[in-house]
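*Asks:* These protein sequence lines map, in sequence, to chains C and F. Numbering (our numbering) for the first sequence: 1 to 121. Numbering (our numbering) for the second sequence: 1 to 184.
A portion of the hints provided could be inaccurate.
So these bits of chain F aren't anywhere near chain C, every CB distance computed over 12 Å [unchecked claim]:
hint, residue
1, Arg-55
2, Trp-63
3, Ser-74
Derived lysine-lysine pairs resembling DSS-like cross-links, with alpha carbons at most 25 Å apart [as the list claims (entries may be wrong)]:
hint, chain 1, residue 1, chain 2, residue 2
4, C, Lys-43, F, Lys-116
5, F, Lys-155, C, Lys-43
6, F, Lys-155, F, Lys-116
Honestly, the hints are just simulated from the structure, not real lab data. Computed from a predicted structure; not experimentally measured. Glycine included, C-beta positions come from ideal geometry on N, C-alpha and C.
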Amino acid sequence: MQCEDVANLLPGVGDGSVTLRGSARWHVDRCLRCQTELVQYRKVLRSLRTLRTEFLEPAPGLLADILATIAESGERHAVRQLLSGRRAAYFGGIAAATAAGAAGVVVLASMSRRSRFRVAS
Amino acid sequence: MKARQGDHAAFEELVRVTYVDAYNLAYRLTGDEDDARDVVQDAYLRAFRGLKRFRGEAQFTTWLYRITANCAASSLGKRARHRHDVLEDDEDIVDLSARVDPAEQADRGAVRDRVKAALAELPPRLRAVVVLRDVYDLSHEAIATELGITESAAKVRLHRARRKLRERLYPIPGEDERDARHAV
Chain C
1 MQCEDVANLL
11 PGVGDGSVTL
21 RGSARWHVDR
31 CLRCQTELVQ
41 YRKVLRSLRT
51 LRTEFLEPAP
61 GLLADILATI
71 AESGERHAVR
81 QLLSGRRAAY
91 FGGIAAATAA
101 GAAGVVVLAS
111 MSRRSRFRVA
121 S
Chain F
1 MKARQGDHAA
11 FEELVRVTYV
21 DAYNLAYRLT
31 GDEDDARDVV
41 QDAYLRAFRG
51 LKRFRGEAQF
61 TTWLYRITAN
71 CAASSLGKRA
81 RHRHDVLEDD
91 EDIVDLSARV
101 DPAEQADRGA
111 VRDRVKAALA
121 ELPPRLRAVV
131 VLRDVYDLSH
141 EAIATELGIT
151 ESAAKVRLHR
161 ARRKLRERLY
171 PIPGEDERDA
181 RHAV
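Could you put the whole structure together from the sequences, leaning on the hints where they help?
*Replies:* This is the structure in structure tokens:
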């Protein structure tokens with residue numbers, strides 16, 4: 001086994017996601033170059049993890065911008081809901097008026113038919 | 001959770017507590033302050049709209065990281081479409097080894113700064129994966145989903161990113177030549 005054969009495994013070994021077995025392990029245990037690379041991968045990983053606790057302060061105004069964007073979106077949503085509610089009420093009213101009108105026409109028609117029947121008899 | 005039930009004040013409080021963290025992630029992914037601002041605003045807007053879909057199984061911050069990663073990927077995609085000099089995965093990282101001696105600097109304890117510089121020089125697609133996995137501890141599955149790639153592609157990119165970082169931070173004399181010979 002050569003260094004090139006295990007080189008692809010070393011980044012994974014560094015974070016514990018890959019376990020070396022058999023001839024790969026035998027090689028790394030005896031190869032100074034691979035051991036050095038492994039140590040370097042571990043150092044890189046450790047340094048990357050420390051970045052998690054390092055904060056870059058955003059320029060002032062970001063929080064206000066985020067909150068304003070959300071508030072604006074919330075307002076738009078509320079207006080949309082209000083409008084859709086009103087629209088529903090509007091169409092509901094029209095539908096109710098139409099139904100009432102139709103019912104009135106039916107009643108009037110049946111009444112006029114009855115009165116014509118009485119006159120005829 | 002009050003925020004999930006539509007409590008604006010509760011969501012505002014969540015924003016206050018997490019926005020610096022989200023901004024830092026956005027900045028590390030985009031490498032640009034203005035882009036990071038846009039990404040983080042977009043991320044919170046999406047989070048606010050999708051709050052009912054947040055099932056509370058993961059931490060809010062993990063969920064927010066995923067949204068931020070997704071927004072950053074969209075932003076980088078847009079940026080790439082507007083530029084002709086898109087960085088490809090295979091593009092070589094600038095080798096500064098002639099100007100500085102990384103081993104010496106490491107000994108002086110400046111590894112973290114050099115890691116940041118090396119990260120900044122990584123192609124965006126590799127940087128995104130290594131930042132999400134090694135800095136923010138997101139799973140391969142989550143990274144793949146948010147970046148719109150397969151899980152195996154995410155693993156390959158992570159491997160390449162780590163290798164490039166190591167080579168950048170600890171260049172071994174003659175390694176480039178050996179790799180070039182190996183490639184031939």
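*Asks:* Is the claim that F:Ser-74 lies outside the interface with chain C correct, judged by CB distances over 12 Å?
*Replies:* holds, 16 Å
*Asks:* Does the structure keep C:Lys-43 and F:Lys-116 at a Cα separation of 25 Å or less?
*Replies:* holds, 13 Å
*Asks:* Has the given pair, F:Lys-155 with C:Lys-43, been kept, meaning a C-alpha gap of at most 25 Å?
*Replies:* holds, 20 Å
*Asks:* Please check whether the beta-carbon of F:Trp-63 is more than 12 Å away from every beta-carbon in chain C.
*Replies:* holds, 16 Å
*Asks:* Is the claim that F:Arg-55 lies outside the interface with chain C correct, judged by CB distances over 12 Å?
*Replies:* holds, 21 Å
*Asks:* Can the restraint linking F:Lys-155 and F:Lys-116 be considered satisfied, given a maximum Cα separation of 25 Å?
*Replies:* holds, 21 Å
The structure is consistent with each of the numbered hints, conforming to all of them.
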